[in-house]
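If you're matching them up, the sequences are chains A and B in order.
Basically the numbering used here = 1-based index in the first sequence + 1.
Basically the numbering used here = 1-based index in the second sequence + 1.
Hints may contain errors.
[As the list claims (entries may be wrong)] No farther apart than 25 Å at their CA atoms in a straight line, the calculated lysine-lysine pairs in the PhoX-like style are these:
id	chain 1	residue 1	chain 2	residue 2
1	B	Lys273	B	Lys43
2	B	Lys25	A	Lys43
3	A	Lys25	A	Lys43
4	A	Lys43	A	Lys226
5	B	Lys43	B	Lys25
6	B	Lys25	A	Lys226
7	B	Lys43	A	Lys219
Quick caveat, the hints were computed from the structure, so don't treat them as lab data.
2 protein chains.
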Amino acid sequence: MIQYNVAMYVREISEVALIARLAKQIATATSSSTANGSASSKIIVTIGDDTAAWIGSGETELLTTDTVVQGVHFTPETGTWQTVGWKGLTSNLSDIASMGGIPTYAVVSLGLPRDMLVLDVENLYMGLLEAANTYGITIVGGDIVASPVFFMAIAQTGITQQAPMLRSEARPGDQIAVTGLLGGSAAGLAILLGEMTAKEEDPQQLIETHQQPRPRIKEGQILVKAGVTCATDVSDGLLINLGTICASSGHAARVDTTLVPIHPEATKAFPKKALSMALNGGEDYELLFTASPDIMTMLQGRLEHGLHIIGMIMDSTPSQVYLFDGNGEPVELPNTGWDHFRR
Amino acid sequence: MIQYNVAMYVREISEVALIARLAKQIATATSSSTANGSASSKIIVTIGDDTAAWIGSGETELLTTDTVVQGVHFTPETGTWQTVGWKGLTSNLSDIASMGGIPTYAVVSLGLPRDMLVLDVENLYMGLLEAANTYGITIVGGDIVASPVFFMAIAQTGITQQAPMLRSEARPGDQIAVTGLLGGSAAGLAILLGEMTAKEEDPQQLIETHQQPRPRIKEGQILVKAGVTCATDVSDGLLINLGTICASSGHAARVDTTLVPIHPEATKAFPKKALSMALNGGEDYELLFTASPDIMTMLQGRLEHGLHIIGMIMDSTPSQVYLFDGNGEPVELPNTGWDHFRR
């Protein structure tokens with residue numbers, strides 16, 4: 002039986018805690034059931050990683066879903082309809098990338114307000130189709146319903162011949178690395194929101210980093226083929242996503258903040274905030290992974306946007322992330338990653 | 002280039018017309034692209050049928066998505082959270098059934114208002130899991146986001162060893178049949194909304210028909226193995242869904258309204274409205290299919306909830322549905338099926 006406080010509202014529980022409760026409810030119900038063709042016995046990954054994974058008839062199948070709501074995830078200030086389409090699809094592709102998979106097909110569910118322009122729906126699809134064509138996937142269906150607020154839920158399939166990279170596979174002694182620069186998306190968002198005045202002359206590069214992320218699909222495949230077994234993507238923020246790896250793996254992480262690859266344009270535009278943007282900003286969609294030093298050495302020079310080692314997995318408790326500066330002194334930073342219900 | 006009226010709003014275009022525009026946009030963009038591992042060349046069914054279908058590594062893979070929004074598809078009067086969960090998943094399973102497929106895995110995207118009770122989310126999941134266990138599928142993941150209005154978008158996978166049944170495969174001379182009773186869901190909804198006073202003493206059976214539909218998964222597999230090649234499910238209403246078969250196949254349909262299997266409880270409760278409920282009500286989730294008289298004869302007695310022949314496919318234009326009564330006299334009924342944006 003699931004214990005609950007009958008008076009508890011969604012706003013009073015963290016997203017992580019709510020998902021954990023539902024995952025427990027699902028696990029309890031599923032263990033007592035018999036699935037089609039032993040479907041449940043073929044499952045490799047269920048709730049709690051970037052995608053689900055199961056053994057198909059010839060390869061491992063991946064499935065993920067990611068949703069955006071107008072006013073929650075974007076506003077007219079932070080994205081055009083075209084970039085909302087691009088970003089909505091590429092955030093799903095990033096989940097497939099973080100498992101080491103090849104994305105294949107997508108279905109798109111749209112909730113459309115009656116006073117939305119048809120032209121805007123077509124612009125949204127222009128962005129979706131640009132992303133689909135850029136990354137070789139096909140939109141094969143969807144659903145369109147009326148809704149008082151615009152939302153888009155995409156489900157994306159993928160395949161892989163290798164064992165998917167998981168959040169739970171970090172091992173003490175592993176080095177921690179990211180596939181590219183961090184903080185650019187948060188800096189672009191800050192410029193779009195006018196929350197801070199960028200010192201930079203041309204903010205377009207940061208804005209594009211926020212609006213048109215590039216999922217690291219090729220990199221994911223290089224990693225998995227090189228023997229990397231633990232990865233996720235930097236969607237919620239480096240500290241949040243690394244914290245998830247620690248919690249799933251049951252180990253702690255030590256990060257040297259001077260090694261974090263801050264987007265140089267973010268540093269130029271927001272010199273005081275750039276480190277925090279890189280640690281907490283999220284939506285950078287770089288891959289965050291752990292592997293032995295041998296594998297890291299082998300990977301050097303093989304990733305298009307670099308391989309940036311930022312720390313190490315430690316065999317200590319609690320399973321959390323510890324920050325240090327270049328002199329080995331602890332760094333205290335508030336953890337301000339994204340939580341859908343509390344913020 | 003797609004032609005548009007820049008001032009046209011979503012409310013001014015039918016759902017069918019909007020989907021047709023987007024499908025054209027997708028087809029144009031996709032034909033010029035190169036998909037992963039020739040993914041696009043493996044597609045059997047894309048936008049415009051109950052599910053998408055493509056050739057997997059060992060069998061045909063199916064993918065569909067279906068979405069509900071509070072206040073649009075249900076209200077506190079028309080369903081409990083548990084039945085919203087059940088119905089949300091089974092409407093997806095019905096799409097898999099109408100292709101003749103075996104449903105396998107689902108991902109659930111939820112948009113949750115901050116003032117929703119956690120208990121209600123758990124009740125929703127209770128309904129989802131009851132349906133999942135009843136029909137042997139596993140919920141393997143999802144996404145939870147904050148939203149000013151509750152919505153749920155489910156993506157459901159399935160497999161089949163046979164060629165999927167399509168809306169476009171009706172042939173002149175085919176008989177038209179449904180797998181069970183119609184109008185019960187609309188009658189149950191009318192009772193729940195208090196729009197009409199049911200004459201019946203116990204409305205529970207009709208209410209359950211509306212709130213807890215039973216997808217015809219077994220029936221779909223029996224049909225496809227018997228050689229049926231054309232099917233859909235009665236989700237929007239018999240006339241709408243048969244109209245879609247006609248439009249997709251390029252033929253017309255003749256229906257004898259005296260042969261339509263009206264739910265007997267609907268007839269008892271709403272004697273004057275029951276035929277209209279059976280023709281236009283929707284959400285009955287019976288399978289609607291066409292096949293040669295030989296195949297129909299072979300299927301007699303093999304379907305748990307009956308095989309009700311209601312008419313015939315004709316080689317005439319325009320591709321629409323013509324209604325006749327038992328004496329062969331034309332019947333005029335307004336087509337009042339569901340359109341998300343206009344009604």
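A quick look at each hint next to the structure:
{"no.": "1", "hint": "B/Lys273 - B/Lys43", "verdict": "violated (49 Å)"}
{"no.": "2", "hint": "B/Lys25 - A/Lys43", "verdict": "violated (37 Å)"}
{"no.": "3", "hint": "A/Lys25 - A/Lys43", "verdict": "holds (19 Å)"}
{"no.": "4", "hint": "A/Lys43 - A/Lys226", "verdict": "holds (22 Å)"}
{"no.": "5", "hint": "B/Lys43 - B/Lys25", "verdict": "holds (19 Å)"}
{"no.": "6", "hint": "B/Lys25 - A/Lys226", "verdict": "violated (38 Å)"}
{"no.": "7", "hint": "B/Lys43 - A/Lys219", "verdict": "holds (22 Å)"}
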